[in-house]
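Asks: Okay, here's what each chain looks like letter by letter:
There are 2 protein chains.
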Amino acid sequence: MRGMNAAAMSLPTFDDVLAAAARIAPHAHVTPVLRSRALDALVGAELHFKCENLQRVGAFKFRGACNAVWALPEDVARRGVVTHSSGNHGAALALAARTRGIACHVVVPEGAVRSKLAAIEGYGAALHFCAPNIAAREAACAQLQAQTGASLVHPYADPQVIAGQGTAALELLSHAGALDALVVPVGGGGLASGTTLAAAALAPACRVFVAEPAGADDTARSLARGERVTDFVPDTLCDGLRGTLGEQDFVILRAHGVEALTVTDAETVAAMRLLWTRLKLVVEPSSAVVLAALHKHRERFAGQRVGVILSGGNVDLDALPALFALAAEE
Amino acid sequence: MRGMNAAAMSLPTFDDVLAAAARIAPHAHVTPVLRSRALDALVGAELHFKCENLQRVGAFKFRGACNAVWALPEDVARRGVVTHSSGNHGAALALAARTRGIACHVVVPEGAVRSKLAAIEGYGAALHFCAPNIAAREAACAQLQAQTGASLVHPYADPQVIAGQGTAALELLSHAGALDALVVPVGGGGLASGTTLAAAALAPACRVFVAEPAGADDTARSLARGERVTDFVPDTLCDGLRGTLGEQDFVILRAHGVEALTVTDAETVAAMRLLWTRLKLVVEPSSAVVLAALHKHRERFAGQRVGVILSGGNVDLDALPALFALAAEE
Chain A
1 MRGMNAAAMS LPTFDDVLAA AARIAPHAHV TPVLRSRALD ALVGAELHFK
51 CENLQRVGAF KFRGACNAVW ALPEDVARRG VVTHSSGNHG AALALAARTR
101 GIACHVVVPE GAVRSKLAAI EGYGAALHFC APNIAAREAA CAQLQAQTGA
151 SLVHPYADPQ VIAGQGTAAL ELLSHAGALD ALVVPVGGGG LASGTTLAAA
201 ALAPACRVFV AEPAGADDTA RSLARGERVT DFVPDTLCDG LRGTLGEQDF
251 VILRAHGVEA LTVTDAETVA AMRLLWTRLK LVVEPSSAVV LAALHKHRER
301 FAGQRVGVIL SGGNVDLDAL PALFALAAEE
Chain B
1001 MRGMNAAAMS LPTFDDVLAA AARIAPHAHV TPVLRSRALD ALVGAELHFK
1051 CENLQRVGAF KFRGACNAVW ALPEDVARRG VVTHSSGNHG AALALAARTR
1101 GIACHVVVPE GAVRSKLAAI EGYGAALHFC APNIAAREAA CAQLQAQTGA
1151 SLVHPYADPQ VIAGQGTAAL ELLSHAGALD ALVVPVGGGG LASGTTLAAA
1201 ALAPACRVFV AEPAGADDTA RSLARGERVT DFVPDTLCDG LRGTLGEQDF
1251 VILRAHGVEA LTVTDAETVA AMRLLWTRLK LVVEPSSAVV LAALHKHRER
1301 FAGQRVGVIL SGGNVDLDAL PALFALAAEE
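Keeping their order, the protein sequence lines are chains A and B.
Under this note's numbering, the first residue of the first sequence carries the number 1, and numbering increases by one thereafter.
Under this note's numbering, the first residue of the second sequence carries the number 1001, and numbering increases by one thereafter.
Isolated chain A, as found in the complex:
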């Protein structure tokens, strides 16, 4: 993707988001929107939490994967799908493929977390191990595509994936009415750019913010510089937000003046505890960045109606004590 210019890129539009909503409706949940007086008081704003942790596979990722799988022509779909991911996207694509009854191959790095691999296999996908670097996993994907004819479904640099992720904001805006702002986490940017497309079409006055760990702030730096920053080593416990902002995602966020807000991991873990305690929801650190950002920058949201997407809830409970201890140390 790098170096590709915007004109040559296939950029999704709001119509693609609407088409995605219709396509995934038989398979995905319309997730609830929850409120909390205590969190409203803490931030000084009216917060509407879209609970994608209650989506199938426990993350918004199912929306994009499901849309990509069902957008394939029948003869192409029959050859299956392939991706590289050791996280939520792998599980999401595996389940999406199962809903269509087609094969799914997931390339995973050696040493990936066992529970995540079990989830991917549990949904019926074939695991293919490779060395833990980008070159190795891209080569493994290419080889599988060549062998099987399967279609690559990239976690975020894919127009149908972006359009699918946009359906969460579509539902939230339909449910909550006029919002002053939307805040979503950003890693590769699929959720952020899909949300931006939905907001621009349905609520042009609604500002979109992306929340990002300071240890993986390539989006903040890319938007500030006006050029994608791709040369960085992520250092954050938010395992869902370590990816590099995709080229299409960058173009969409930049075109709509999206702003990035960065937070430390300690702020994120504190926010995660608040979400667990106040909303009674299990959300992962990569989701809690949004509340951390809202709290840190609360003067910018004072008195406003704010939509928040809680992106996922896949947490390793055995890792919690270490997570809490880390936040307490900082």
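None of these hints come from the bench; they were simulated from the model.
Just so you know, not all the hints are guaranteed correct.
[As the list claims (entries may be wrong)] Ranges between beta-carbon positions, derived for each pair: (1) Gly122/A / Val1030/B: 30 to 36 angstroms; (2) Arg1298/B / His128/A: 33 to 39 angstroms; (3) His29/A / Gln1304/B: 45 to 51 angstroms; (4) Phe129/A / Asp1040/B: 27 to 33 angstroms.
Yeah, the Cβ is synthetic: ideal placement off N, Cα and C, and Gly gets one too.
Take the given structure of chain A and dock chain B to it, following the hints.
Replies: Coordinates of chain B only, in the frame set by chain A:
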């Protein structure tokens, strides 16, 4: 209460549950009902989870407290309410009193958990400390009643509290349609007896089960013996289920042939982890007993449609590592 005979007791009826539903409607949430394919597969039944952890104050207790507060005549209400509780009922009564704009006094034992006390005070109630035994707290309550004219709202031995707790099952039965069984936790028995009243009226074919920690199995023994067992020392980490089954509650459960299912604390913590992981909900151990009981006795629920009330989500996150370690040891 002990020794009082059934004829002399004030027993709530299904009409009281209906009246409670109307009375609390402006104040309480209609909580969502969630499903999980994974948990259905684990138990071999179709489970409908009524999420009272998402109720105000994070527990079903708000229903009963709110009903009791709003059922008081205006001149009586004006003198306030009083109770003894260091847990969810104290917070629930405090918030219920605030919704009516009346004073609330909560007698708490010295040494009670600080976070729970902060919650009670946060809702505007006055705390009154006493020695940690039943005689001391009953004396403190009586003294406050004499001084202020406040009405006592007992956590479970109160017809209006029982009727209010029954509204959770009322909503669940309305939402889920015909159920073969309902399973709820039992401590003092307010939720269990309210649920029983609702089920008996709306779904006479629906069996009611109560789930109970083996370390506080007075309900199981009381129902087996046909007489209330009150002389026992609870030994369970389910802090919401250490109370003794109330006399009215016992009469209602016994009259309707309710069955008790007991589980160990280790089984409960394992079930709690499953609920966190699969439903993405924070539920407290006292809620998880229901899933533990369903799993342990799954042959009795095979293929059935089962309603489950997840009673609360107030967990001390700092105590989690110890909780998990305890379950792993057993």
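Asks: Does each hint hold? Answer for all of them.
Replies: Hints and how they fare:
1. Gly122/A / Val1030/B: 30 to 36 angstroms: 33 angstroms, holds
2. Arg1298/B / His128/A: 33 to 39 angstroms: 36 angstroms, holds
3. His29/A / Gln1304/B: 45 to 51 angstroms: Because 24 angstroms falls outside the window, the suggested range is violated.
4. Phe129/A / Asp1040/B: 27 to 33 angstroms: 32 angstroms, holds
Comparing the model with each earlier hint shows a violation of hint 3 alone; every other hint is respected.
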